[in-house]
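Trainee: Kindly generate the complete structure, drawing on both the sequences and the hints.
This is what each chain is made of:
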Amino acid sequence: MLKVIKYELRRFVNLYIILLAGCLIFFLLDFNKHLLMLYQLHASIIEIITTGLALYLIIIYILDDYKNKKLLYQKASLTKTQEFLGKLFTMIMLFGSYLFIMTFVYNLKLYILYKHHYLEYLRLNLDHTYLALIGRDFKEWLYPLHLCLKNTYTIVTLALMYGIFTKLREKRYDSYNCIVICFLISAIIYYLSNYLVKLLDETLPFLDFSYITPRLRAFGLEDYLVNILSVNSLAVVLLYFIIMIKFITKKRSDNQ
Amino acid sequence: MEIIKDTITFMYPNKLVFENVEIKINQGEIYLLIGRNGCGKSTLLRLLAKIEPYQFKLHLVNEKEISYMPSDLVYYSYMKIIDLLKFYDDTHHNFSLDFALKYLDEFKLNPKQKIKKLSMGEQKILNYLICLSKNAKLYLIDEPFPYVDLLNDEIFRNMIINRYDETKTFIIATHQINEFEKLASYCLLIKGYKTIECLSTDEIRSTVSLSVEDYFKEVMRYVKGD
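Each protein sequence line maps, in turn, to chains Z and S. Per the numbering used here, residue 1 is the first one in the first sequence, and the count goes up by one each step. Per the numbering used here, residue 1 is the first one in the second sequence, and the count goes up by one each step.
Hints are not guaranteed to be accurate.
Straight-line Cα separation of at most 27 Å, DSS-like style, residue types lysine-lysine; simulated pairs [said to hold, decoys possible]: (1) Z:K167 with S:K50; (2) Z:K6 with S:K64; (3) S:K191 with Z:K70; (4) S:K86 with Z:K69; (5) Z:K67 with S:K116; (6) Z:K69 with S:K168; (7) S:K15 with Z:K70; (8) S:K116 with Z:K3; (9) Z:K69 with S:K114; (10) Z:K6 with S:K116; (11) S:K116 with Z:K69; (12) Z:K69 with S:K15; (13) S:K64 with Z:K167; (14) S:K64 with Z:K67; (15) S:K117 with Z:K67; (16) S:K168 with S:K57; (17) S:K194 with Z:K69; (18) S:K80 with Z:K67; (19) S:K168 with Z:K70; (20) Z:K70 with S:K50; (21) Z:K3 with S:K64; (22) S:K80 with Z:K70; (23) S:K57 with Z:K67; (24) S:K112 with Z:K67; (25) S:K217 with Z:K70; (26) Z:K69 with S:K64; (27) S:K57 with Z:K80; (28) Z:K69 with S:K108; (29) Z:K69 with S:K117; (30) Z:K6 with S:K102; (31) S:K57 with Z:K69.
No lab work stands behind these hints: they were computed from the structure.
Mentor: Spelled out as structure tokens, the structure:
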């Protein structure tokens with residue numbers, strides 16, 4: 001698994017450095033500006049790029065399956081599980097480290113401003129940018145971790161659905177049936193994870209797990225349908241879209 | 001000893017490739033896989049390599065002992081040649097780095113060259129080198145020759161001779177029949193979606209007094225399109 005991580009990290013390291021450098025330069029360019037909007041904008045940029053990076057990586061891995069790139073590991077002395085876990089940890093390490101580095105820089109900047117200017121003003125007005133950590137409760141220090149877990153949740157759900165879809169296709173199920181089955185499985189995952197979050201919230205309230213996805217506590221069908229419209233579900237819709245493309249382009253044998 | 005004896009039926013959406021075609025491959029032989037464009041040579045190799053979801057019955061060979069050379073390059077573009085060879089050395093237990101480096105030198109390839117900057121011929125050479133550097137029991141080689149110069153052709157053949165022993169089987173899909181004719185003991189001729197004919201190359205030369213290439217031309221002239 002470590003071998004897979006080693007080579008996969010090297011594959012994306014250029015993109016990672018560009019994103020990191022770009023964001024850092026953006027932060028440093030307006031270092032002396034004290035507009036509140038900027039800090040809210042910075043927090044949104046960090047969130048969007050982290051989620052975007054996670055989704056980009058999973059899409060790249062799914063698209064690899066169309067191309068011959070899947071042959072790289074196919075006859076290797078690694079199991080499929082090792083390959084899958086290697087790729088999963090690569091994704092988590094990339095978007096996780098990006099998030100933590102950027103949150104650190106973001107808060108460092110706020111801290112320097114606090115020392116030289118007016119933190120009280122910032123503290124009062126940054127309540128909605130939940131990556132600003134300075135001078136707050138302990139649990140708020142966990143927010144970047146929550147965001148990281150949220151992305152991991154999305155990635156694992158998508159990978160699981162894609163994996164199930166591929167397996168079903170190999171077993172000669174019709175594509176439409178596969179999509180319906182994947183959809184039902186995603187519903188079950190939503191229900192289970194909602195229930196898990198509820199349990200965690202009750203048993204470890206100080207960790208404030210309610211920020212982990214899915215935030216909505218859906219236990220009825222109606223609530224589930226509402227959840228479909230949430231941001232995470234957009235990722236699921238994206239997967240359906242990819243599956244549809246795969247369905248259209250996939251070569252398959254019908255007489256086997 | 002047979003490593004493959006099976007009947008294949010396979011189709012892509014809207015295109016039947018094989019219908020109840022019998023195929024038999026013996027261990028320790030070199031096969032030439034020939035046929036017209038689009039007749040299913042690459043598909044057959046992908047089926048044998050278990051890349052397509054098809055449950056071929058293999059005897060004496062397990063899935064990891066198959067070395068498949070695709071017709072196009074499949075590697076990550078950030079890699080240099082040496083990175084790629086180390087990748088295979090790290091992740092494929094049957095890969096021989098020494099063998100690869102020895103032939104890399106013969107092919108006059110610079111190990112520090114980026115893969116995305118290789119010419120078409122160099123890409124083919126690299127694909128071929130990786131395929132043959134694995135100590136496998138079944139080698140499936142898809143179109144090794146386009147874009148490759150005459151001196152490298154010779155090295156290609158020497159590599160097969162070096163690798164060959166009675167436990168190893170080679171299936172080479174190619175249009176440059178003359179290049180491998182003397183090496184191959186059998187030729188698999190795809191005549192259509194219902195027939196794959198297996199002929200001994202010696203038999204073709206002795207009975208009809210034609211080279212394999214000329215025989216192929218004669219036969220295909222009379223085969224109806226599907």
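Trainee: Tell me the hint numbers this structure goes against, listed in increasing order.
Mentor: Hints 3, 17, 25 not satisfied by this model.
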